[in-house]
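Participant: The residues making up each chain are set out below.
Number of protein chains: 2
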Amino acid sequence: MQVLKTIEELQNIRKEIKGTVGFVPTMGALHNGHISLIKKAREENEIVVVSIFVNPTQFLPGEDLDKYPRKDEADKKICQMCKVDYVFMPEISTMYSKEEVLVKAPNKSYVLEGKTRPGHFDGVLQVVLKLFNLVQPTNAYFGKKDAQQLSLIQQMVENFFLPINIIPCDIVRESDGLAMSSRNVYLDEQQRKDALLISKSLYFAASLIGKNELKSDVIKNKMLETMNILDVEYVAIVDRQFNEINEVVKGNTIILVVAKLGNTRLLDNIWI
Amino acid sequence: MQVLKTIEELQNIRKEIKGTVGFVPTMGALHNGHISLIKKAREENEIVVVSIFVNPTQFLPGEDLDKYPRKDEADKKICQMCKVDYVFMPEISTMYSKEEVLVKAPNKSYVLEGKTRPGHFDGVLQVVLKLFNLVQPTNAYFGKKDAQQLSLIQQMVENFFLPINIIPCDIVRESDGLAMSSRNVYLDEQQRKDALLISKSLYFAASLIGKNELKSDVIKNKMLETMNILDVEYVAIVDRQFNEINEVVKGNTIILVVAKLGNTRLLDNIWI
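Sequence lines, in order, name chains W and V. In terms of the numbering used here, the first sequence has 113 at position 113, counting the first letter as 1, and numbering is strictly consecutive. Just so we're on the same page, the numbering used here is the position in the second sequence counted from 1, plus 1000.
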């Protein structure tokens, strides 16, 4: 495994690669969620590239950029164990210059995460576009946990005609159901217990839908009841294009929850 | 020569090309300026692709989108004569969908053309990025006439790490000095004569600089005097990054003129 720091190293190596390239962009602090993406990339491609870059432009002022968990050495070991070929770990000054041409998510993205974190997706798309152009992957792997991000990346690939397959990957959970997240390390014991209500509310929604309760309002209210001790930011029921829908359509619905446990914002969702 | 209309045709053909690709993006109504770009591309690459697409997103409301000259048949003949391999002529609906991820030129671009035509460069960069991703050229050819556009495209290529060489090409002029432009066809006989003052003022500036007059204010005022019968929108003296400068630096200066002849806006410039 080679660790690359500069654009030149990466570009020179990329030029020589002839086969399929699987790419997993991350912000590091790798957990089983990331590992599942990397394993899938390893299975499906000749070469696997993982990027580890805590991207400043997707954090808003006052967000947790400075205290975002960084575990470079552990991350490298994980990549090595997963038989990654190249880890790209650039500095901020390598990725960004002073005044840049920007990417702007469409106006319709200013709902849900885009509403709470205006500008967040612009930063996500900007760094993903840069990384895509550097790595030129055949296949790029993203978790369904960041569902709105995944949807916007798929849209960017379509709109910009990028010759890349986006591979959505299932959410990986702790044995008790909590969705894996780099931010889970912030939770204290009580918060860790309370956080379980998030995934439970989603399973509960799925069971309601199984019993043919399809009305979004009814489902949302019942979910909120199960999470009444939590600081729930939103429960949303949307189609795959992130339009809110009044009635669940099986095969084209995502139910999303965001809740704050202390200062930690946790996201989870289920694809129906 | 093959004329391609759809994304699929272009992408399928691109996949099979192994050698160097030279790309000349145009809005059609090809003149000797474009032809010089195509010839250079022909000399320097194994495969030459020309796109002809009047890009709506770079026209502001009230601008000349609807009456922009369209000469598809003549353009195809010119491309054939220049031994172009592929002409890409998509419909608007092929290039754009309803609500898109956008490209945004940096704030510093909102001077000169960016000030008069706010949003114009966003549209230029958006379509050029799309075309770059489709054509995946080795080398892309742009005229120095649209100097600010050229500078922003170079910046986009750097910022987004696009693996493409941007080749700036000299302005091609009529025998009397008027810079070639698709918009020259709008000029009546008197306007055509008056328009000559634009290039004359630029040559005059160059001669002043040759005599070591380097102060921007002095040069600009003397240029404006030579164009006193014209409706001059701006004369600007900038460095290669389009920062206005008080003093000419040989090798790093562009002098720009924009003037309106009737309803026709003409651009010209000289690189010092």
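One or more hints might be untrue.
To be verified - One-sided and incomplete, this derived list gives chain V residues near chain W with beta-carbon spacing under 7 Å:
id, residue
1, Lys1039
2, Lys1104
3, Asn1133
4, Gln1155
5, Val1157
6, Asn1159
7, Phe1160
8, Phe1161
9, Ile1164
10, Ile1166
Said to hold, decoys possible - FRET-style restraints, in silico, Cβ to Cβ:
id, chain 1, residue 1, chain 2, residue 2, range
11, W, Ile92, V, Ser1175, 49 to 59 Å
12, W, Glu16, V, Glu1046, 26 to 36 Å
13, W, Val249, V, Pro1061, 30 to 40 Å
14, W, Val249, V, Glu1073, 20 to 30 Å
15, W, Gly251, V, Thr1020, 21 to 31 Å
16, V, Thr1020, W, Asp188, 55 to 65 Å
17, W, Asn252, V, Ser1097, 47 to 57 Å
18, W, Pro61, V, Thr1020, 13 to 23 Å
19, V, Glu1008, W, Tyr110, 25 to 35 Å
20, W, Asn263, V, Asp1066, 33 to 43 Å
Since the hints were made in silico from the structure, they are not lab data. Every residue gets a Cβ at the ideal spot worked out from N, C-alpha and C, and that includes glycine.
Participant: Hint by hint, say whether it matches the structure.
Facilitator: A quick look at each hint next to the structure:
1. Lys1039: With a closest approach of 27 Å, the lysine 1039 of chain V hint is violated.
2. Lys1104: holds (4 Å)
3. Asn1133: Result: holds, 5 Å to nearest chain W Cβ.
4. Gln1155: holds (6 Å)
5. Val1157: violated (9 Å)
6. Asn1159: holds (5 Å)
7. Phe1160: With Cβ-Cβ at 5 Å, under 7 Å, it holds.
8. Phe1161: With a minimum Cβ separation of about 5 Å from chain W (threshold 7 Å), the hint on phenylalanine 1161 of chain V holds.
9. Ile1164: violated (10 Å)
10. Ile1166: violated (13 Å)
11. W/Ile92 / V/Ser1175: 49 to 59 Å: holds (52 Å)
12. W/Glu16 / V/Glu1046: 26 to 36 Å: violated (20 Å)
13. W/Val249 / V/Pro1061: 30 to 40 Å: Hint holds: Cβ distance 38 Å, inside 30 to 40 Å.
14. W/Val249 / V/Glu1073: 20 to 30 Å: violated (48 Å)
15. W/Gly251 / V/Thr1020: 21 to 31 Å: Between glycine 251 of chain W and threonine 1020 of chain V, where Cβ atoms are some 45 Å apart, the hint is violated.
16. V/Thr1020 / W/Asp188: 55 to 65 Å: holds (59 Å)
17. W/Asn252 / V/Ser1097: 47 to 57 Å: Violated, since asparagine 252 of chain W and serine 1097 of chain V (Cβ atoms, about 19 Å apart) do not stay within the stated range.
18. W/Pro61 / V/Thr1020: 13 to 23 Å: violated (45 Å)
19. V/Glu1008 / W/Tyr110: 25 to 35 Å: Cβ of glutamate 1008 of chain V to Cβ of tyrosine 110 of chain W: about 32 Å, so the range 25 to 35 Å holds.
20. W/Asn263 / V/Asp1066: 33 to 43 Å: Check failed, 54 Å falls outside 33 to 43 Å.
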